[in-house]
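Between the sequences and the hints, there should be enough to build the whole structure, so can you do that?
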Amino acid sequence: MKRTIALSINGKSHADEVEPRLLLIHYLREMASLTGPHIACETSTCGACTVMLDGKAVKSCTMFAVQADGRKILTIEGLATNGKLDPLQEAFWNEHGLQCGFCTPGMILTAKQLLNDNPNPTDEEIRKSIEGNLCRCTGYQHIVNAVKAAAAKAGA
Amino acid sequence: MATTTTKPETLFGKKIRRREDPRLLTGTATYLDDIKMPGMHHACVVRSPHAAARIKSLNVKPALARPGVTAVFTGADVKDLGPIPCGASLPGLRTPHHHILAQDRVYLVGHPVAVVVATDRYIAADAVDLIEVDYEVLPAVSDPEKALAPGAPAVHPQWPDNTAFTFHQEGGDITGAFAQAEVVVKQRITSQRLIPTSMETRGVVADWHAGDKSLTLWSSTQIPHLLRTLLAGILGMPENHLRVITPEVGGGFGSKLNVYAEEALMAFVSMRIGKPVKWVESRRENFLCTIHGRGHVDYFELAARRDGTMLGLRLKLIQDLGAYHQLLTPAIPTLSVLMMPGLYKFKNISADIVGVFTNCTPTDAYRGAGRPEATHGIERMVDILAAELKMDPAELRRKNFVGKDEFPFQTATGLAYDSGNYVLPLDTALAEIDYPALRREQQQARASGKLMGIGLSTYGEICAIGPSPATPAGGWESATVKIEPSGKITVMTGASPHGQGEETTFAQIVADELGVDIDDVVVVHGDTAIVQYGIGTFGSRGTAIGGTALYYALQELKGKVKKFGAMLLECDDVALAGGKCVDERSGKSVPFAQVAAASYRAMKLPPNTQPGLVATYFWEPPNFTFPFGAHVVITDVDRETGQVSIRRYVAVDDCGKIINPLIVAGQVHGGVAQGLGQALWEQAVYDENGQLLSGELTDYALPRAHMMPWIESSHTETPSPVNPLGVKGVGEAGTIGCSPAVVNSVVDALSHLGVRHIDMPLTPEKVWKLIQGGRA
Amino acid sequence: MKISGSFLVPVPQERAFRLLQDPVVLARSMPGCDTLERIGDNEYHMKMKMVLASISGLFDGKVRIADSRPHSSFRLIVEGAGRIGFMKGDGLLTLTPVEGGTNVGYEGTVEVGGTIAAVGQRLLDTTARMMIKRFFEKLTAESASSGAFSPTAIL
Amino acid sequence: MIPQDFEYSAPASLKEALELIATGERKILAGGMSLIPLMKLRLAAPEHVVDLARVPGLDYITESGGTVSIGATVTHHDLESSPVIRGRAPLLAEAAGHIGDTQVRNMGTIGGSIAHADPAADYPASLLALEAQIRLVSAKSDRTVPASDFFLDAFTTAIEPGELVLEVLVPTEEPKEGYRYEKVAHPASGFAVVGVAARIKKAGAKISMARIGVTGMSSRAFRALEAEKLLESGAGVAQAAATVAEGQEANQDLYASADYRRHLARIWAARALSVALSRAS
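Listed in order, the protein sequences are those of chains S, B, A and W.
At position 33 of the first sequence (counting the first as 1) the number is 33 in this note's numbering, and the numbers step up by one without a gap.
To get this note's numbering, take the position in the second sequence, counting from 1, and add 156.
To get this note's numbering, take the position in the third sequence, counting from 1, and add 932.
To get this note's numbering, take the position in the fourth sequence, counting from 1, and add 1087.
Source of the hints: derived by calculation from the structure; they are not laboratory data.
Just so you know, even glycine gets a beta-carbon here, dropped at the ideal spot from N, CA and C.
Not close to chain A: a few residues of chain B, all C-beta gaps over 12 Å, as computed:
1) Arg222
2) Pro313
3) Glu659
4) Glu726
5) Arg757
6) Gly929
DSS-like cross-link-like pairs, simulated, lysine-lysine; straight-line CA separation at most 25 Å:
7) B/Lys171 / S/Lys148
8) A/Lys1020 / B/Lys212
9) B/Lys302 / A/Lys1020
10) S/Lys12 / B/Lys192
11) B/Lys171 / S/Lys153
12) A/Lys934 / B/Lys925
13) A/Lys979 / B/Lys217
14) W/Lys1114 / A/Lys981
15) A/Lys979 / W/Lys1114
16) B/Lys212 / A/Lys979
17) A/Lys934 / B/Lys302
18) S/Lys148 / B/Lys170
19) W/Lys1293 / W/Lys1263
20) B/Lys170 / S/Lys153
Okay, the calculated beta carbon distance ranges per label pair:
21) A/Lys934 / S/Lys153: 52 to 60 Å
22) B/Ser642 / S/Gly83: 22 to 30 Å
23) W/Pro1233 / B/Tyr455: 52 to 60 Å
24) B/Glu868 / W/Pro1233: 48 to 56 Å
25) W/Ser1320 / B/Gln600: 35 to 43 Å
26) S/Asn120 / B/Glu551: 42 to 50 Å
27) W/Ser1368 / B/Arg595: 40 to 48 Å
28) A/Gly937 / W/Tyr1147: 42 to 50 Å
29) W/Tyr1147 / S/Gly83: 40 to 48 Å
30) B/Tyr455 / A/Lys934: 26 to 34 Å
Right under this line is the structure:
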């Protein structure tokens, strides 16, 4: 039986009727038309679908939309403010932290939580924090550089 | 008209941040699954759980009864469509008829049996479970060597020996080389099956327009134009009624250099239901139904003199082809043969390939495609020879390298290496790590019971694939450059990049050649209705061939611009700089926009000149390019657990001239990650019955951030004489250079225990067992 | 995948042999077995509901007894297919009298396919061993009962 | 990958939740990190899912009278970063930090994890070493089960139909205690190929108490009682660690054979014990 959910996505209120089995990622992509979060595995291993739920990085493919009822979601589309890129987005750009770009939205949001929790992470802490986000293109080195650069900029 | 004197800085060689990134960073790029169309249906494919079986019966009625299900199609519906094509031609090649959906038999797990079409992807998924298929399970074979054994189950009953082809290539005097040899080392070396695993799986949207009998097909592919040509053949429709578009492509690594059943199937479905239809591959489907890479069992024999002079190499190569030929399946091992001699000057080789059918996913081009296997082989054999001769492996390599004055160098496999200085990256890398000091440290480590290894790989590769005679579909690339009436520049390239950054590097080339602001350039690709024609991005060819086509198109265009510029400035010749045509004698100039406007307005034309500013160039390369490099890896092996950790990874690559160092570094890092994945973790494991046991990302281990070492990457630059840009290509270098360096390093760490070889992946248990005393 | 092991069944060899081939006992002992219906000599149609914590699946299959050598050994072949995949276990059971009953050794293979093969290999060995253990535990419990089996267990 | 349809309830009180799960085939959803992937693969197809997220007051971490109480819906992330856990049950905080990845730790809960009882999960080793208790409640009952009686087999626990995990009760570690959770993570899944939790108390130079929990090696986590006894009777770490796999069946998979798993358990027990010993004062 369908249920009505009401939630905030990127600061905007949404209310929709959904099947309980509707995965949050499908809700975001198909009902809210936010296609930034991606689907790349079915086993909760790749992190491409990562969004922030009440400020914490979560895998939206491993959550039902009904679980997000009443909560706040941030997707990659909501990260830049007034057209100004987030320092992490800017750093990923400067440091060539992406190639095909498919993992990038999830990667950035996971890194976002890291910098919220730990504004000055070591290389090892960066690598550990993004272990749930697979990237097949970059070998991660430029991603680590990007997160470091964003941290340095925020600290400067 | 203004005057100008400052010469603009060139962008060639500069770290320019990528122009494709803003859309990717903000989640606004459009990948295949982001496409949404009115009335769009969703398809889900019913697949065989068995590796070999006869379909006794198939009942689709319960699925059709599910509300929301529009149609179900089975093998009978598509039996008259053409087969999935194989582009490789080898003498005597046996090619099974590759239907889009199984007819009465399935040949591998994941074999498509039926397709369900519904108004919603959830309903389609539900309906798949309602399709009843009754299988008579047949014996299967998943190991290529077992498939060759007498009495093995026949993958295709018409060919009981499971042999798709045999191929022999010989150069020089191999018998003589082995007769002269003072030492011969032999080793069986495997390159395990790998799953390419682009982060975006494949996907197709097909939209049939009955009114004009045309079809638009979006596919996450590396080869939109070839796909269109081949798909038109499968569907039996005129090629010019078919438009193929690649949206943003989330990685390919060779796995999207293909024509797949689902591409034809979605076209068929859309034509039948009269609505757009979308299919997006699940990860498990990606593991089962998208090509795999490698799958070699190689028997090498290397002949040498006691002084280390290498004389000749013999190879028996058993290629696991899988159950079908995909686009290039049988051709991939022939690339291995070409690359067999590596960077060494011996001129006697002999290779025998046996292509073997197994009830497994077809193998095909995966990053490196045949070259990593060959490089792994020769670089392991050189180390094995060094151990046999008790020579330093670096010294042995130097002794046998093709000398820097010997280019172009004709190899025994028929190639002409374009340019090189092979000692340079090796010496640079060894200096970087202080090789003598490390060898001393290694002695001390051994004395105290610790295991550390130093591994070298001096690799070569064949890039810029390739000249048309060597490439099944043609090996050229094309570019069109257009200066729009407003003076802005649009490039249309046939190379269809998907992460390689050509929107940036190509714009750099344009900006330099035309002397314009890079922001005035837009690079368009991946739409057969817009782009002239092209081959695609694979085989490290995008920049070396696509970039060169662009370069030549620009030369033509420049000629025309100059004519209009000179006409406007009323002089004989002009230079292009700062977005202007400049009369260098008078210092007068005219901006591009004005030149372009004049060319389109065409009030007055220079003599023998057509209106408009457009040039198209199809460039046929005269040769491949041959990048090279040296990777040095220092490993520590945990004696108690067999766990390998990488202390340092030094890569010195020579990919010719570098247009954008940022992008080149990214290619090296990503390549190394995939090489390291093969060396240490990745492996497609089938059980005896053809079940893929490493069937999800929870079992198939891709490198994660915390598993990767810091890669110390630098370059030497030996320009290629093959193209005017001097570029060679870098997409596959890291992958090719990496795995032998890692394995050589670990074998080196264990060599004093009597270990001579370890097959990949170097799992801790495998290494631990060798430490326990098992020789390999 | 190869499996092997042994269990002590606390009854004499002859009785152990009979119990192990008794469809009623098998139906009660095989984990998840809903019904067992004779379709031929030593061959039964089986419906099974496998439940392992959150994981559950319905299987439709066959149980077959072959190469029977009273009272020392026989082969037990169990196969089933369902939406989450298929499985086939083929084992040789060897009975030897020991103090306190009969030692039942088993040696054989387990094959799986479909989703359970693709995602379950990490747990296959553990699960197979657990199911076998449950089987023998149930069998032992059955062997302790009076032996008056209800015929309605076989449909 | 799409789950089968199901009915969904999000009870607003514990009472309501217990009433809901008292009948029929009801599956409890906490963080969903184990359940939802199975549902997506259709390996699990519950008819009715009861979501605990709206039940108030289940995500507490409190300490009193030498016991830390952890509500069932406390996430791994909250556990790992909780000052109470870090101060009073640091072994558990260390174990929580090894679970899954950032996103999984943000959603996954201790109650969900232990109820799922994956044989390669991280918590059980620590809960055994800590001699924790698990409180199970149903509409009709309320009981506390020691961890050693809770993990019965792979995916099999002492939870009876109609019961749910209410809280985990952990005796506080003394500040002088040494502790360590060490793990060999599977490179793809991150699950423990072998995980060892160790606690050591010293009296002077001697070990007065040793607790060792092992996960991943066998079909269920277990205490290495023999090794504990050896340590408490003066044996060295190496000698004690050599016994941890004794009498236990070992799992095998593509990554590690049974023999290698036993070996890893011994090696990592020695390593965990050494760190625990060095941390004990």
